[in-house]
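Student: Each chain, letter by letter, is given below.
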Amino acid sequence: MGRITRRYGFTIAGIAIGVAGIVALGAMGERIVRFIEGGDRFVLGQISVAGKGMGMGAGFTAGGMLPASAIRAIAAVPGVSGVQAQVMLPLNPSTSQFMTLTQELILGVDLSVPSPNRQFPTLPIREGRQLRAGDRGVAVVGASFATSHGLRVGSALTLEGEAYRVVGVLERTLTAPDRFVMVAIEDARRQWVAKDRMLRTIIASGAAAVNAADLNTGAAVGWRDGEDPDAVARRITERVEGVNVQIPSELSALLRSSTAFFSALLGGIGALAFVIGGLSLANTIAAAVFERLRDFGVKRALGATDWQLGREVLAEALAVTLSGGAVGVALAILLGASVDRWAARSGQQLFLFSGRLLGGALVFSVLLGAAAAAYATLRVVRLSPAEAIRRGA
Amino acid sequence: MLEARGLVKAYATPRGKPPLRVLDGVDLCVAGGRLAVVLGASGSGKSTLLNVVGLLEDADAGEVTLGGERVSALGRSARSRARGRYVGFVFQSFLLLPSLTALDNVLLAARYAGRAGADARRRARDLLAQFGVLERQAHYPPQLSGGEQQRVAFCRAVLNDPPVLLADEPTGNLDDANGRVILDALRARARAGAAVVVVSHRADAAGGADAVYRMRDGRLESERAVHQGGTR
Ligand SMILES: Nc1ncnc2c1ncn2[C@@H]1O[C@H](COP(=O)(O)OP(=O)(O)O)[C@@H](O)[C@H]1O
Ligand SMILES: [Mg+2]
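Same order as they appear, the protein sequences are chains A and B.
Quick note: the first sequence uses my numbering, first residue 1, plus one each step.
Quick note: the second sequence uses my numbering, first residue 1, plus one each step.
For the record, the hints were derived by calculation from the structure and aren't laboratory data.
The C-beta atom is built at its ideal place from N, Cα and C for all residues, glycine as well.
One or more hints might be untrue.
So these bits of chain B aren't anywhere near chain A, every CB distance computed over 12 Å [claimed, not checked]:
id	residue
1	G25
2	A61
3	E63
4	Q143
5	N178
6	A188
7	R214
8	E221
9	S222
Here are the in silico distance ranges between beta carbons for each label pair [claimed, not checked]:
id	chain 1	residue 1	chain 2	residue 2	range
10	B	A10	A	A287	39 to 47 Å
11	B	T13	A	A264	52 to 60 Å
12	B	S222	A	A393	30 to 38 Å
Throw the hints in and build the complete structure from the sequences for me.
Tutor: Here you go:
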């Protein structure tokens with residue numbers, strides 16, 4: 001390998017740059033794909049219900065208030081296996097709500113019932129513990145939230161002037177929960193009232209009889225095994241008044257169409273990266289063969305058959321492609337890591353170096369390197385040895 | 001033993017002029033144990049003849065027999081193997097691979113003949129020692145003088161003990177002393193039983209030859225034949 005590196009330093013560098021380009025752009029694509037897929041899995045794992053009407057509150061379900069009576073009514077709909085009341089509040093209401101999925105949110109959940117989401121029965125914990133029934137004044141935070149706010153298990157966290165202690169940090173999911181602060185719903189309700197001046201006015205005026213248990217922005221609804229989630233969602237719409245029900249497949253389609261532009265953009269960038277990186281790789285390999293045209297002529301004069309030469313070229317191309325590929329992958333990861341260190345300060349992660357991306361890029365490189373080597377060899381052995389020696393001189 | 005009959009080779013010329021008939025019906029027979037020298041002006045077709053005889057280039061017509069096998073009729077891979085089996089080449093510009101050491105350049109000949117191994121290594125070292133370049137075995141060609149490079153190239157040409165040895169202006173890039181070393185070595189190979197053809201534009205290469213030919217107008221003329229020992 002040492003000799004290969006000496007002889008093919010420039011070739012390896014050329015390949016490394018091509019592969020690094022493929023991998024870095026691919027990793028940005030993977031990052032977005034994971035985000036979109038994660039969101040999709042989440043919305044397909046539950047029926048999301050929000051209150052209709054007043055337009056208070058915000059967040060994922062972006063609805064009004066969902067009173068306790070509605071939650072009871074939903075639970076009674078045939079096919080429903082469980083309902084978990086939630087309060088979802090934007091942590092910083094002044095930021096644009098253009099992409100709520102990337103917003104920092106407080107999620108209060110009713111810890112007395114299990115999460116009905118089939119895809120995420122629990123969110124995986126990296127450090128510390130999950131929330132449990134009876135918890136007050138404690139929070140489990142998403143990975144990005146923890147990074148950008150400098151939090152770890154045991155850290156103190158102040159939300160709307162109230163002190164919380166971090167008891168758990170979630171695994172990075174590359175989706176919405178990375179930016180969540182999860183607390184008990186009772187804590188979230190207090191936050192909501194503190195935040196929402198209109199809500200305080202309504203409660204104070206007694207214009208509506210509002211109990212603490214009515215203060216929900218929405219609910220996650222699960223379905224029984226064998227039920228069609230879309231059908232259950234439609235049934236809820238029919239049977240329960242004053243609720244906004246998201247049909248899982250429609251929400252998924254909406255999510256996909258709203259991210260379609262980004263998907264297409266990244267698909268295009270990724271494809272371009274593969275084409276450009278691939279061309280540069282193939283060109284580098286072929287050039288390395290043509291550059292030694294004379295050597296091939298000499299080898300054939302010494303009795304090398306096409307097959308022997310082909311094997312030699314292939315072995316060298318593989319060694320060169322693999323070393324170049326490894327260097328390229330390392331370069332891309334180094335680059336991604338340093339960019340992400342900078343991005344992490346705002347809780348972002350731009351690159352995802354997934355196994356399938358790295359494996360795919362290497363397999364692609366090796367196949368292309370082999371194809372380029374085979375092509376170049378075929379071209380070379382079509383010349384007579386004398387011609388190869390003459391042209392290579 | 002080397003036998004070529006009725007070789008014709010023409011090169012296309014630009015602007016629709018008639019093709020250049022470099023070889024226009026050439027016969028050449030060199031028996032094992034004999035040294036033939038082909039003289040001729042530059043551009044007379046000497047290299048072309050050697051390339052065709054050594055299967056480095058296809059003739060338009062004619063046939064080549066090496067060691068009793070009609071090699072000109074073989075397919076490409078079989079011709080490659082025949083080159084490795086029957087022919088050793090010595091070129092004017094040495095043609096060592098710059099990326100390989102002197103020793104590895106010599107061993108290249110064994111690799112394609114499927115004979116790489118301890119025996120080939122030993123023989124390669126013996127040859128390098130015989131030509132006074134053993135202490136250069138780990139050097140790369142650019143680190144060697146022209147004379148040293150040609151000695152290494154000669155070792156490579158004879159490593160497999162080929163029955164035919166073809167040398168195209170082997171002394172063209174050498175000083176007189178080094179040129180003598182190579183010409184002596186070629187004569188020694190002939191004495192050891194190989195059919196040796198040396199091509200040169202310099203008449204002094206003909207010293208000690210068993211036969212001297214001259215290329216002229218695409219034909220090979222016999223200049224002088226020294227009959228001694230067996231025919232052909
Ligand atoms: N590949 C080629 N294409 C066209 N013409 C060639 C080619 N090789 C040789 N020639 C021509 O054929 C003639 C003989 O060349 P060559 O055999 O190299 O002569 P010599 O070795 O006697 O100097 C020259 O005129 C040369 O220009
Ligand atoms: Mg010549």
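Student: Next step is simple, just say for each hint if it's right about the structure.
Tutor: Against the structure, the hints:
1. Against chain A, the non-interface label of G25 (chain B) holds: every CB pair exceeds 12 Å, the least being about 20 Å.
2. Annotated as non-interface, A61 (chain B) keeps its C-beta farther than 12 Å from every C-beta of chain A; the closest such distance is 16 Å.
3. With a least beta-carbon separation of about 17 Å from chain A, E63 (chain B) lies farther than 12 Å from that chain, consistent with its non-interface assignment.
4. Residue-level check passed: Q143 (chain B) sits 15 Å from the nearest beta carbon of chain A, beyond 12 Å.
5. Every beta carbon of chain A lies more than 12 Å from that of N178 (chain B), the smallest distance being close to 21 Å; the non-interface claim holds.
6. Every C-beta of chain A lies more than 12 Å from that of A188 (chain B), the closest at about 21 Å, which supports listing it as non-interface.
7. Taking the minimum C-beta to C-beta distance to chain A, about 22 Å, the non-interface status of R214 (chain B) holds against the 12 Å cut.
8. Consistency note on E221 (chain B): stated as away from chain A, and its beta-carbon is indeed over 12 Å from all of that chain's, at 24 Å minimum.
9. Remark: the non-interface label on S222 (chain B) is consistent with the geometry, its nearest Cβ contact in chain A lying 26 Å away (cut-off 12 Å).
10. Between A10 (chain B) and A287 (chain A) the beta carbon distance is about 33 Å. The supplied range of 39 to 47 Å is therefore violated.
11. As the Cβ distance of T13 (chain B) to A264 (chain A) is approximately 57 Å, the hint placing it in 52 to 60 Å holds.
12. Checked against the given bound of 30 to 38 Å, the beta carbons of S222 (chain B) and A393 (chain A), roughly 32 Å apart, stay inside it.
Violated hints amount to a single one, hint 10; each of the other numbered hints is respected by the structure.
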